[in-house]
Each structure stands twice: as structure tokens, then as C-alpha cells.
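These protein sequences, in sequence, are chains S and L. Residues are numbered in this note's numbering as their position in the first sequence, beginning at 1, plus a constant of 4. Residues are numbered in this note's numbering as their position in the second sequence, beginning at 1, plus a constant of 4.
Note that these hints are calculated values from the structure, not bench results. Fair warning: there could be bad hints in the mix.
Note: identical chains are not told apart, hence a pair may lie in one copy or across any two.
As a list, the in silico SDA-like pairs of lysine to any residue whose alpha-carbon atoms are at most 20 Å apart [claimed, not checked]:
id, residue 1, residue 2
1, 330, 135
2, 168, 349
3, 54, 101
4, 153, 163
5, 351, 273
Protein chains: 2
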Amino acid sequence: MLKRFLSSLTTVLLPAALFAQQNIGQKTEAVLSPEVNPDCTVTFRLYAPKAHKVAVIGDWENGVAPLTEGEGGVWEYTTAPLPSELYTYRFYVDGLIGLDPGNPFTLRDVGTTFSYFYVGGDKASYYQVQDVPHGSVEQLWYHSGATGKDRRLSVYLPAAYDGKKKFPVLYLLHGSGGDETAWLELGKTARIMDNLIARGEAVPMIVVMPNGNIGAQAAPGETPANLAFRPVMSNQIPSNYKNGTYEASFGEIVSFIDGRYKTVRNRQSRAVAGLSMGGFHSLYISLNHPDLFSWTGLFSAGLVPQFTSDLDVYSSREAKLKAYEKKGCNLFWIAIGKEDFLYEVNKDFRGELDSIGFPYEYHESSRGHLWCNWRQYMLLFVPKLFK
Amino acid sequence: MLKRFLSSLTTVLLPAALFAQQNIGQKTEAVLSPEVNPDCTVTFRLYAPKAHKVAVIGDWENGVAPLTEGEGGVWEYTTAPLPSELYTYRFYVDGLIGLDPGNPFTLRDVGTTFSYFYVGGDKASYYQVQDVPHGSVEQLWYHSGATGKDRRLSVYLPAAYDGKKKFPVLYLLHGSGGDETAWLELGKTARIMDNLIARGEAVPMIVVMPNGNIGAQAAPGETPANLAFRPVMSNQIPSNYKNGTYEASFGEIVSFIDGRYKTVRNRQSRAVAGLSMGGFHSLYISLNHPDLFSWTGLFSAGLVPQFTSDLDVYSSREAKLKAYEKKGCNLFWIAIGKEDFLYEVNKDFRGELDSIGFPYEYHESSRGHLWCNWRQYMLLFVPKLFK
Numbered sequence: 005m006l007k008r009f010l011s012s013l014t015t016v017l018l019p020a021a022l023f024a025q026q027n028i029g030q031k032t033e034a035v036l037s038p039e040v041n042p043d044c045t046v047t048f049r050l051y052a053p054k055a056h057k058v059a060v061i062g063d064w065e066n067g068v069a070p071l072t073e074g075e076g077g078v079w080e081y082t083t084a085p086l087p088s089e090l091y092t093y094r095f096y097v098d099g100l101i102g103l104d105p106g107n108p109f110t111l112r113d114v115g116t117t118f119s120y121f122y123v124g125g126d127k128a129s130y131y132q133v134q135d136v137p138h139g140s141v142e143q144l145w146y147h148s149g150a151t152g153k154d155r156r157l158s159v160y161l162p163a164a165y166d167g168k169k170k171f172p173v174l175y176l177l178h179g180s181g182g183d184e185t186a187w188l189e190l191g192k193t194a195r196i197m198d199n200l201i202a203r204g205e206a207v208p209m210i211v212v213m214p215n216g217n218i219g220a221q222a223a224p225g226e227t228p229a230n231l232a233f234r235p236v237m238s239n240q241i242p243s244n245y246k247n248g249t250y251e252a253s254f255g256e257i258v259s260f261i262d263g264r265y266k267t268v269r270n271r272q273s274r275a276v277a278g279l280s281m282g283g284f285h286s287l288y289i290s291l292n293h294p295d296l297f298s299w300t301g302l303f304s305a306g307l308v309p310q311f312t313s314d315l316d317v318y319s320s321r322e323a324k325l326k327a328y329e330k331k332g333c334n335l336f337w338i339a340i341g342k343e344d345f346l347y348e349v350n351k352d353f354r355g356e357l358d359s360i361g362f363p364y365e366y367h368e369s370s371r372g373h374l375w376c377n378w379r380q381y382m383l384l385f386v387p388k389l390f391k
Numbered sequence: 005m006l007k008r009f010l011s012s013l014t015t016v017l018l019p020a021a022l023f024a025q026q027n028i029g030q031k032t033e034a035v036l037s038p039e040v041n042p043d044c045t046v047t048f049r050l051y052a053p054k055a056h057k058v059a060v061i062g063d064w065e066n067g068v069a070p071l072t073e074g075e076g077g078v079w080e081y082t083t084a085p086l087p088s089e090l091y092t093y094r095f096y097v098d099g100l101i102g103l104d105p106g107n108p109f110t111l112r113d114v115g116t117t118f119s120y121f122y123v124g125g126d127k128a129s130y131y132q133v134q135d136v137p138h139g140s141v142e143q144l145w146y147h148s149g150a151t152g153k154d155r156r157l158s159v160y161l162p163a164a165y166d167g168k169k170k171f172p173v174l175y176l177l178h179g180s181g182g183d184e185t186a187w188l189e190l191g192k193t194a195r196i197m198d199n200l201i202a203r204g205e206a207v208p209m210i211v212v213m214p215n216g217n218i219g220a221q222a223a224p225g226e227t228p229a230n231l232a233f234r235p236v237m238s239n240q241i242p243s244n245y246k247n248g249t250y251e252a253s254f255g256e257i258v259s260f261i262d263g264r265y266k267t268v269r270n271r272q273s274r275a276v277a278g279l280s281m282g283g284f285h286s287l288y289i290s291l292n293h294p295d296l297f298s299w300t301g302l303f304s305a306g307l308v309p310q311f312t313s314d315l316d317v318y319s320s321r322e323a324k325l326k327a328y329e330k331k332g333c334n335l336f337w338i339a340i341g342k343e344d345f346l347y348e349v350n351k352d353f354r355g356e357l358d359s360i361g362f363p364y365e366y367h368e369s370s371r372g373h374l375w376c377n378w379r380q381y382m383l384l385f386v387p388k389l390f391k
């Protein structure tokens, strides 16, 4: 019976047999999926003659929809026209959810791997590789005295970086569940920077993307715990979550970067910004290190209602805001989506800033706590820096 | 009906609803999979109460096997004990093949994404991140005069690289269907180098991983064609396949690397090695640039039986071998698996070397044209270099 089972498996799926000759496993998909049509609708197809129920679950608006079975066991669905963006999705088939087998391109967000595509033209043209001068991307390790560990971070160097000229630095922080790869992979930071700089919309700068999970050495799979350390939300990583260590010791990352790269070493030439938990980090890094930073960006910031703490790093927020303003804050930029679950707490925070007359810029977008918003905030925030 | 469908979908799969709050989509899998057991057997589990037939398709020996349905709709299978290695696999469910939803770790090989795991201890300990000094990894672009295009390559710099001391360089070439990310992702090159160097088994060196598809600028998804350029075997990429351009112009990559990094700039301190198509490339790069290289590695080399060509770069093989020997070849290392489909053509090539008395070292492994072999060849080859 096993023999018959394996025989039927081999018949159905030739590529399995090609495992013995790994690198030549040529893939020929029966159907084209996804197909981004000229009118910006997107057609999904899945060959699944035995399936009873098939759906697409995507991160565009109204992104959950059933596919309809057509001839020859091919299921299909076409969206309404979608705005230019990068979209992620998976297929639901009879109780299981997985990748689109017709699409080789994937992204991991926290613990889940998604298929993705672009609807091109407008915003997505910043996320795509264009024929412009390209910066380089590095992943390297620094010794963290605060944790006694070697930790990994990612760095974008602009195309003009030649080891002689000095550049300003944006420190860009990920959210809960993210790591030092999140802004590069999901945020498409290197492409956004290449394209903003090439179009003359942003000044050339270095972008540093550290790991904000102070209890972890690097991204899941990239630490000495290897695959035993699985991607989870940051509050599930043992030790040091919101104990102030990351914010208090952030100067050691700045020192490492200033020691390794040609940077402009003053507060006028340093920005810190982050999404969700990284927005929380960016706020307290700015407030505790006004000597290091003068530009701050909070993207859907993970602020905590009535947050109180005995820790120095989180205390005296009002006094620290006033000190930051006095020292000189070039930009304090807040952005959030109308549907974000953090909308109210961010509104309260703006009220706090208003009550003490602290100047800031505010951008309110549509939708919620989504990577499309964070990429779009980059297109608005980065052009304002270091000018 | 649509409403009822969507309602049932939401009930079954809560994470779908969390798309509106992307970064906080917490994943809680019902079952643990894969589980690497203390005796080096591996247990796979899949919650699929509606499935009729479930199997695992893995790249270990006898890697195709059915899962058996147990209580509560959980299917399960346990392998025999497996040797220490990195293994890739997918699940077959009623005619569809996809990732293990319990495993967040994936690797792309050509156009297919696989789940993967380690059986630790021996060889896999070199592929895993250990608590040793870590080198850095860079992805950057150089201008190729030969193609008139900017092209991307990957570079590993050893932990000791400080911008002052000079290091020898290994140029490491991927196979057909691969790109400048293949040796890093599937080959785990950075970890292998970190661990070989930390254990004192290899001298610190720079490793350069260019893109051997001379008609392509970078990996699929990383070129100006963006996702329109899908991962395929190299002979399906239009223009320039085996027209000699890559091998003839390889000096421009060496010049770029020597200009950007602190390298020891002589043939004694340069090696070129590659797998499959990259073995073919390494052979002809060595033979046409004996002034640049004195160490050569052919891993499951994609040699072509009775290969003839009018191109200078592929002609006069015997004379060029003799010239390489005369100039001084420190190591000419050939490795292949007993079951490799290229075994015979490699045997013929060794016969050709024997007939002219060209000295080489030969390693014959078990199994076929597989990444496990190419990683294992690295553990044997790299320690021989630059000594």
C-alpha cells in the first residue's frame, strides 16, 4: 500500500523525484498566479481539482475572498482595482492556509510566510528595484556592553558612500515581532532609499536597523539558539522587554556605527524613527539622548496608556520633552492610520504635546497597523531629514 | 452565500482577521512540527482534519513518506535517524504541495520555497550560528563593463577584517538556477566560514559570491525587472548563457573587489570554486586567468560531454591546463557524489587530466546533485586554501 501511495505521488508530482538532483528541479506551474492586470485588478489562480473551498486572504482592503472553480480544476478570483502598493497574501484550501504555489516570491512577517506582489506605478515604484545607483546593504555584529552579547544589525550605505565623504545617519527601528531584517524585507528600505535619493527627494544618508529585542542577539534562525528561537511577539522573548536597557544603552550602537563608518558625528545629523514598538523606542531614545538626536519619527507608535514606570528612562516625560525642545528638535513627526488600534493612545499623546506647546508634525493616513502604511510613512518622513 | 463562506473562514482562521493589525498577528500553531528528537529521528505533524492523503517530501534519503492520521485530525510521521545536516521538505496534501505551517523557517531553491530544519551535532554545527566571532555580509553592486550593466554580488568579510589587514579571497560560484544569494542562503557560507575560522580549521579570508547569470543583473526580485524576472534555470535566462562573457570578463569582478576591500592582490591568494554550472565557470575562469588564480575547486561540476566551442574562452583546454600547471596550481580539487547525474562526465574529465599528468585531488561522496554535498564539500575544501 505504501508502494502504491508513493507511486501515485510520483505520478502526480514529478518534482518530488528530482530531489535526488536538487539544483535542477525545474518548476513548471500549470497556472499563472498572481496576474497583475493592466487595470490594476489582480487575478489569482490555483490548480486544485480535489478542493472544496478555496479563498485568498490578502492584506489589501476587503482582502478575503473566495476563488471560484472553473474548467480543469483551476480556481480563480479577480480583485477590484488596487492602489499601487506591495501586497501579501495566502491561499486557504479546505482548512489549510499556505503560499500560492505559482508565486516564488515570499516574505516572512513575525512567524508567518506570505506570497507577495506589487501593483506598480505610483508608490510601489519606490519599493521596486529601478535602474538607478544602488547603495549596499550590510549585516554585521557589534559587541553590546549593556547585554554582554554580540548582537546583529543591518546597515544601508548610499551609493555615494566611498569611505571618504561623511553622511548623516537615520536609526530605523522595527516593531514587536520584527527584527533587524524587518525594515529591509517588509519595509523595502534599501529600495526606498535608493529611489528617494536618485530622484533627488532625499539627501544621501546611512540607515541603521538594529535589533530592538534586547533579550535576543539577532533575528530568529540567526542567533546561537538557531531554529530553537522562533519568531514571536517581542513581549514573549524572555528578559529585558521594556526594562529600559535598549533605550538607555542606545549610545553604544551609535558609537559602534560612528567608529565603523564615515558619519557626521553630531545631533544635527542623526535621526531616530520606528514603527509600533519601535515608535515607543524612538520616543524614549530621543528623550534620553537629546545630545545624540535632533530628528524623531513615530510611525503608529506603540505608546502605552497611562504608562508609568519607576525606571529613569521612562520617567519625567514632560520635563524631558521640554529639554528636547530647548536643546533643539528639528522634527518631531507623528503618523498613524485612522483604523489603527493605537489611534486613541496616539491622540492622547498629541494632546499631551499640545498641552505643553511641544511642536510636532502630524500625518493621518487611512487603514490600520499595516506595513503599507509604514512604507508610505517612509516616503513622507525621509525627504524631510537633514535639510 | 458569500457571507456565510467568509464567516466560516473567519471562525476557522482567526489570523486572517488580524490582517488589519498586521504586525501583531500572533501565530499559535496547534501542533509542533518538525520535532527533531534526541535520537536524530524527526517527527512531522500536520493538523488537517479534512485531508485524505498527506505526505512529507524531503531531501534526505528515502525522503518521501506518508503521514498517518491520528486523533483530532493530526497527521504524523517519524523518520529513521538522520545524519547531521540541514534538510528541506514540503508537505503534500490531496494534490497540493506546500510549506509546513508549523515551521516559520524557509529557503528558496530556484523557484520553490521549502521548509527546513537541522539535525544538529556534527556537520550541521558548522551551518548553524555559534557563539563565535562573526564576520559581516554585504550585498552591493558593481558596474560591469562587459555587459554595460550594474550587477549585484554578495561578500563575506571575516570577523578579523578591520580595513587595515589584507586577506586572501575565495570567489564562490553558484549553479544553474542559483544567484548571488544561493551560497549564503542554501550554502550557509557565512556560518561555515565563521565556524571554520573560529575552530582554527581555515585561515581568515574574504568570500565573494557573484551572480553567474551574465544576462541578469541580480537575483530574481532584486533586478529592475522586479518580480517579472522569476527564478528559472540559467539556460532559460535570455542572452549570454555559456557565450564565454562571464569567464572572459571575470577580471572586472576581481578588480572591483581589489579596489573596494583590503585584499592580498596576487594569484597565490585567490581561489575560485563553484557548484554545478559554477564548477564549469570555475574551470574556465581558472584556465583563462592563470595570472589571477592558483586555487580551483569543482563541486559536482557541470561539465559538458564532448564540449566544443569556437569561442577562445572554451578552446585549447589541454594547452591551457598545461599552462596553468606550469604557472603553478596550488590546488585543483574535484568532488562529486556517486549518484550525481554528472558523475560520468566528471569521470571522463579526470581521465583527461590523468592522460596529461595534470595533478588534482579528488573526493567522492555519497548521494547526488544536492546542497548537502556542496555544504559538505565546503568543509573539506576551504581548510585547504591559502596554506
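Within a copy, between copies, both or neither: where do residue 168 and residue 349 come within 20 Å Cα-Cα? Neither. Shortest intra-copy (44 Å) and inter-copy (50 Å) distances fail the 20 Å Cα cut-off.
Up to 20 Å between alpha-carbons, please classify residue 351 paired with residue 273: within, between, both or neither.
Cα proximity of residue 351 and residue 273: none, with 29 Å in one copy and 61 Å across.
Original post:
How would you label the pair residue 153, residue 163 (within, between, both, or neither) given a Cα cut-off of 20 Å?
Top reply: This pair counts as between: shortest inter-copy Cα distance 15 Å, intra-copy 31 Å.
Measure nothing new, just compare the shortest in-copy and cross-copy C-alpha distances for residue 54 and residue 101 to 20 Å and report within, between, both or neither. both (16 Å within a copy, 13 Å between copies)
Quick one: residue 330 to residue 135, C-alpha cut-off 20 Å, is that within a copy, between copies, both, or neither?
neither (43 Å within a copy, 44 Å between copies)
Consistency with the previously given hints fails for numbers 1, 2 and 5, ordered from lowest to highest.
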